[in-house]
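Trainee: Those protein sequence lines, which keep their order, are chains A and B.
For the first sequence, the UniProt record's numbering assigns the number 326 to the last residue and increments by one with no breaks.
For the second sequence, the UniProt record's numbering assigns the number 321 to the last residue and increments by one with no breaks.
Bear in mind the hints are in silico, worked out from the structure with no lab data behind them.
Cβ coordinates follow ideal geometry from the N, Cα and C atoms, glycine included.
Mixed in with the good hints there might be a few duds.
Said to hold, decoys possible - For lysine to aspartate or glutamate, the following EDC-like pairs were computed, each having C-alpha atoms within a straight-line distance of at most 16 Å:
| no. | chain 1 | residue 1 | chain 2 | residue 2 |
| --- | --- | --- | --- | --- |
| 1 | A | Lys306 | B | Asp257 |
| 2 | A | Lys242 | B | Glu262 |
| 3 | A | Lys87 | A | Asp99 |
| 4 | B | Lys223 | A | Glu231 |
| 5 | B | Lys10 | B | Asp257 |
| 6 | A | Lys313 | B | Asp201 |
| 7 | B | Lys161 | B | Asp109 |
Claimed, not checked - Where chain A lies over chain B, by a calculated footprint (3+ residues, C-beta under 8 Å):
| no. | segment |
| --- | --- |
| 8 | 37-49 |
| 9 | 126-137 |
| 10 | 143-153 |
| 11 | 156-169 |
| 12 | 242-254 |
Said to hold, decoys possible - Label-pair restraints from in silico Cβ distances:
| no. | chain 1 | residue 1 | chain 2 | residue 2 | range |
| --- | --- | --- | --- | --- | --- |
| 13 | A | Glu258 | B | Asp3 | 24 to 30 Å |
| 14 | A | Glu71 | B | Lys20 | 25 to 31 Å |
| 15 | A | Asp96 | B | Lys154 | 41 to 47 Å |
| 16 | B | Gly127 | A | Glu147 | 53 to 59 Å |
| 17 | B | Asp52 | A | Glu71 | 37 to 43 Å |
| 18 | A | Gln280 | B | Asp109 | 29 to 35 Å |
| 19 | B | Lys154 | A | Thr113 | 58 to 64 Å |
| 20 | B | Lys53 | A | His88 | 32 to 38 Å |
| 21 | A | Gly136 | B | Lys154 | 50 to 56 Å |
| 22 | B | Asp153 | A | Ser166 | 44 to 50 Å |
Next come the chains, spelled out residue by residue.
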Amino acid sequence: MSDKEQKYIPFSNREEWKDVKPIEQDDGPNPICPIAYSDEFKDKMNYFRAVLKTQDKSKRVIELLNEIVQENPSNYTVWYYRREVIKHLVDQSGKDSFDFDEEMELLEEMGSTDPKNYQVWNHRRFIVENYVGANGEKEFLEQVLQEDAKNYHAWAHRQWLLKNYSLWHGELEYVDKLLQLDHRNNSAWNHRYFILFNLHFNQQTKSMPLNIIEKEIEYAFTHIKHSPNNESPWSYLRGLFKGQKYSVQPKLLATLLELKPKYIGCSHINSLVIEIYQEQNTKESLEESLKICKILYQNIDQIHHKYWEFKEKNIKDQLERLILSQ
Amino acid sequence: MTDNQLLKEKHVEYIINLDKKKEDFEYWVTEHLRMNGMYWGLSALSILNSIDKMNKEETIEWVLSCQQPNGGFSGNNQHDDHLLSTLSAVQILLQFDALDRLNIDAVVDYVVSLQQPDGSFFGDRWGEVDTRFTYCAVSILSLLNKLDKINQDKVVEFIGKCRNFDGGYGCLPGAESHAGQTFTCIGTLAILHRLHEIDIDTIGWWLCERQLPNGGLNGRPEKSSDVCYSWWVLSSLSAIDRLHWIDQDKLRSYIIDCQDQETGGIADKPQDLPDVFHTFFGLCGLSLMGYYNLEHIDPVYALPTKTLRKLKHLNLTWNKH
Numbered sequence: 001m002s003d004k005e006q007k008y009i010p011f012s013n014r015e016e017w018k019d020v021k022p023i024e025q026d027d028g029p030n031p032i033c034p035i036a037y038s039d040e041f042k043d044k045m046n047y048f049r050a051v052l053k054t055q056d057k058s059k060r061v062i063e064l065l066n067e068i069v070q071e072n073p074s075n076y077t078v079w080y081y082r083r084e085v086i087k088h089l090v091d092q093s094g095k096d097s098f099d100f101d102e103e104m105e106l107l108e109e110m111g112s113t114d115p116k117n118y119q120v121w122n123h124r125r126f127i128v129e130n131y132v133g134a135n136g137e138k139e140f141l142e143q144v145l146q147e148d149a150k151n152y153h154a155w156a157h158r159q160w161l162l163k164n165y166s167l168w169h170g171e172l173e174y175v176d177k178l179l180q181l182d183h184r185n186n187s188a189w190n191h192r193y194f195i196l197f198n199l200h201f202n203q204q205t206k207s208m209p210l211n212i213i214e215k216e217i218e219y220a221f222t223h224i225k226h227s228p229n230n231e232s233p234w235s236y237l238r239g240l241f242k243g244q245k246y247s248v249q250p251k252l253l254a255t256l257l258e259l260k261p262k263y264i265g266c267s268h269i270n271s272l273v274i275e276i277y278q279e280q281n282t283k284e285s286l287e288e289s290l291k292i293c294k295i296l297y298q299n300i301d302q303i304h305h306k307y308w309e310f311k312e313k314n315i316k317d318q319l320e321r322l323i324l325s326q
Numbered sequence: 001m002t003d004n005q006l007l008k009e010k011h012v013e014y015i016i017n018l019d020k021k022k023e024d025f026e027y028w029v030t031e032h033l034r035m036n037g038m039y040w041g042l043s044a045l046s047i048l049n050s051i052d053k054m055n056k057e058e059t060i061e062w063v064l065s066c067q068q069p070n071g072g073f074s075g076n077n078q079h080d081d082h083l084l085s086t087l088s089a090v091q092i093l094l095q096f097d098a099l100d101r102l103n104i105d106a107v108v109d110y111v112v113s114l115q116q117p118d119g120s121f122f123g124d125r126w127g128e129v130d131t132r133f134t135y136c137a138v139s140i141l142s143l144l145n146k147l148d149k150i151n152q153d154k155v156v157e158f159i160g161k162c163r164n165f166d167g168g169y170g171c172l173p174g175a176e177s178h179a180g181q182t183f184t185c186i187g188t189l190a191i192l193h194r195l196h197e198i199d200i201d202t203i204g205w206w207l208c209e210r211q212l213p214n215g216g217l218n219g220r221p222e223k224s225s226d227v228c229y230s231w232w233v234l235s236s237l238s239a240i241d242r243l244h245w246i247d248q249d250k251l252r253s254y255i256i257d258c259q260d261q262e263t264g265g266i267a268d269k270p271q272d273l274p275d276v277f278h279t280f281f282g283l284c285g286l287s288l289m290g291y292y293n294l295e296h297i298d299p300v301y302a303l304p305t306k307t308l309r310k311l312k313h314l315n316l317t318w319n320k321h
């Protein structure tokens with residue numbers, strides 16, 4: 001940092017800025033929470049205020065903005081003005097007059113030092129949408145998600161790309177790769193659902209087609225088998241049946257019952273079995289769920305004992321209603 | 001720490017001292033969030049029944065000085081306005097009974113201008129969309145009794161699009177479920193009296209599953225526990241009347257273990273350093289569960305119930321206090 005400070009040349013000493021008169025910040029007479037900016041930053045902002053005032057949109061402004069955003073990437077006005085300058089330059093002299101490779105490099109650099117800054121992502125979307133297109137975006141996102149698999153700006157950008165440029169090809173394989181690396185990556189599970197929902201969900205019947213459900217049950221279980229206590233694939237399984245009954249795919253219950261004796265101590269499998277039994281709504285299935293509830297609150301899921309006790313009462317009521325109706 | 005003691009005096013002292021640390025690095029890096037910080041600190045004092053320890057007049061003056069010409073509030077003087085800081089400003093003024101000093105029409109115009117055709121809200125004029133901002137907008141307008149100024153059906157429609165297969169909510173349609181976002185969506189629906197339209201038990205179970213064997217709560221599957229979820233998760237459960245689904249004694253012990261015995265304040269995890277954000281949310285959790293005779297906090301508005309009771313136009317159907 002001190003190295004950088006030594007090299008800093010104030011804008012007043014720069015030849016190409018000689019014609020500009022900087023504008024100092026007006027803090028008012030007696031600021032309660034005065035703001036502590038460095039002299040360097042003040043210098044840049046003084047020139048920025050001047051540029052704003054004269055609406056200078058020449059090429060040199062980009063250089064000034066480069067310095068400012070790198071120091072303070074959250075300043076909205078600076079990003080906004082940057083887009084104004086880019087639009088102006090392209091309008092004036094065509095797309096080739098502006099170095100978009102350099103722009104993407106800057107964004108890449110800033111994206112990796114400050115990956116959760118909305119402004120950086122927003123600017124990126126603007127450049128992609130208006131000038132450079134989606135080429136290379138997936139590769140870039142792959143890098144970002146490699147650093148932090150849960151960065152929600154990166155996921156939101158990816159979902160936007162997929163929908164706007166129909167880049168679905170290879171996406172399931174990508175998610176699969178992430179899940180192979182980490183079965184517990186809930187963001188990746190969410191993304192898998194997003195892909196299938198967009199590609200296959202039947203908007204008329206408000207449900208997922210049966211062939212997809214069948215395939216995905218199999219997929220979820222390949223991960224469950226590695227770590228049965230991982231909540232994500234269990235939620236995923238439930239999500240597949242959104243809008244329809246578990247009974248449309250009896251294979252699910254069959255698989256659960258086959259695995260259940262092996263998964264002693266796994267609350268998720270037991271909880272899903274209870275749900276399916278409740279849906280079946282027979283005397284046998286409800287009695288069996290009551291037994292499972294007891295096991296859950298007495299042994300394997302004590303931390304959620306209040307919930308399982310509630311559920312037990314619920315099922316008892318259901319059973320009573322059933323007997324009365326027969 | 002085994003005796004479950006809440007260090008009330010120390011927490012009060014910790015919060016009051018925060019504003020005196022103007023030489024601290026942390027004070028300056030959080031400068032643009034000062035409005036949120038002020039709300040967290042002040043509301044924590046409210047829960048501890050010590051709001052009179054704050055300099056009321058100076059705080060009101062400072063808050064009012066952050067209102068921008070467009071009606072929104074910035075996080076500090078000379079910063080940009082945002083819905084997040086605007087909500088905090090309204091919440092602070094309300095607790096000081098000073099709403100009459102606020103230019104309400106300007107705030108309402110500001111909030112209304114940020115609603116988008118799909119029902120969502122920008123956080124400020126630069127266009128970021130997030131369910132957090134929807135909550136801020138709806139909460140502000142309802143506190144000011146101006147909900148009729150926006151399209152509420154569109155709001156509910158947008159929130160519906162952010163609901164995921166696991167029952168939870170994300171920041172945008174398609175985005176992963178997160179307990180913080182779930183709070184903002186449930187809170188929005190509660191304020192608009194539209195909670196009956198969702199499947200309460202599915203989201204209730206997802207929220208309940210956030211409790212880990214150590215008693216603490218996490219915000220997403222497979223993440224570790226953090227005191228702030230004592231607010232995001234508990235308030236949501238409370239709004240849907242499912243607070244009794246979690247093990248409250250264990251959660252209390254977890255929060256108590258996160259107290260700093262020496263300086264006061266509550267941290268995100270046991271042994272970590274405290275901060276005002278986690279202090280507030282830890283106290284909120286304890287208040288919601290009814291421990292230690294704390295002032296009751298409303299799970300939807302994140303304001304003391306007694307403050308809200310003064311606003312006759314509000315109908316707090318979820319709050320029995």
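Trainee: Against this structure, judge whether each hint is valid.
Mentor: Taking the hints in turn, this is what the structure says about them:
no.	hint	in the structure
1	A:Lys306 x B:Asp257	22 Å, violated
2	A:Lys242 x B:Glu262	51 Å, violated
3	A:Lys87 x A:Asp99	13 Å, holds
4	B:Lys223 x A:Glu231	11 Å, holds
5	B:Lys10 x B:Asp257	15 Å, holds
6	A:Lys313 x B:Asp201	14 Å, holds
7	B:Lys161 x B:Asp109	26 Å, violated
8	37-49	violated (count 0)
9	126-137	holds (count 3)
10	143-153	violated (count 0)
11	156-169	holds (count 3)
12	242-254	holds (count 5)
13	A:Glu258 x B:Asp3: 24 to 30 Å	49 Å, violated
14	A:Glu71 x B:Lys20: 25 to 31 Å	28 Å, holds
15	A:Asp96 x B:Lys154: 41 to 47 Å	43 Å, holds
16	B:Gly127 x A:Glu147: 53 to 59 Å	25 Å, violated
17	B:Asp52 x A:Glu71: 37 to 43 Å	41 Å, holds
18	A:Gln280 x B:Asp109: 29 to 35 Å	56 Å, violated
19	B:Lys154 x A:Thr113: 58 to 64 Å	38 Å, violated
20	B:Lys53 x A:His88: 32 to 38 Å	53 Å, violated
21	A:Gly136 x B:Lys154: 50 to 56 Å	36 Å, violated
22	B:Asp153 x A:Ser166: 44 to 50 Å	31 Å, violated
In the structure shown, a violation is registered for the earlier hints numbered 1, 2, 7, 8, 10, 13, 16, 18, 19, 20, 21, 22, in ascending order.
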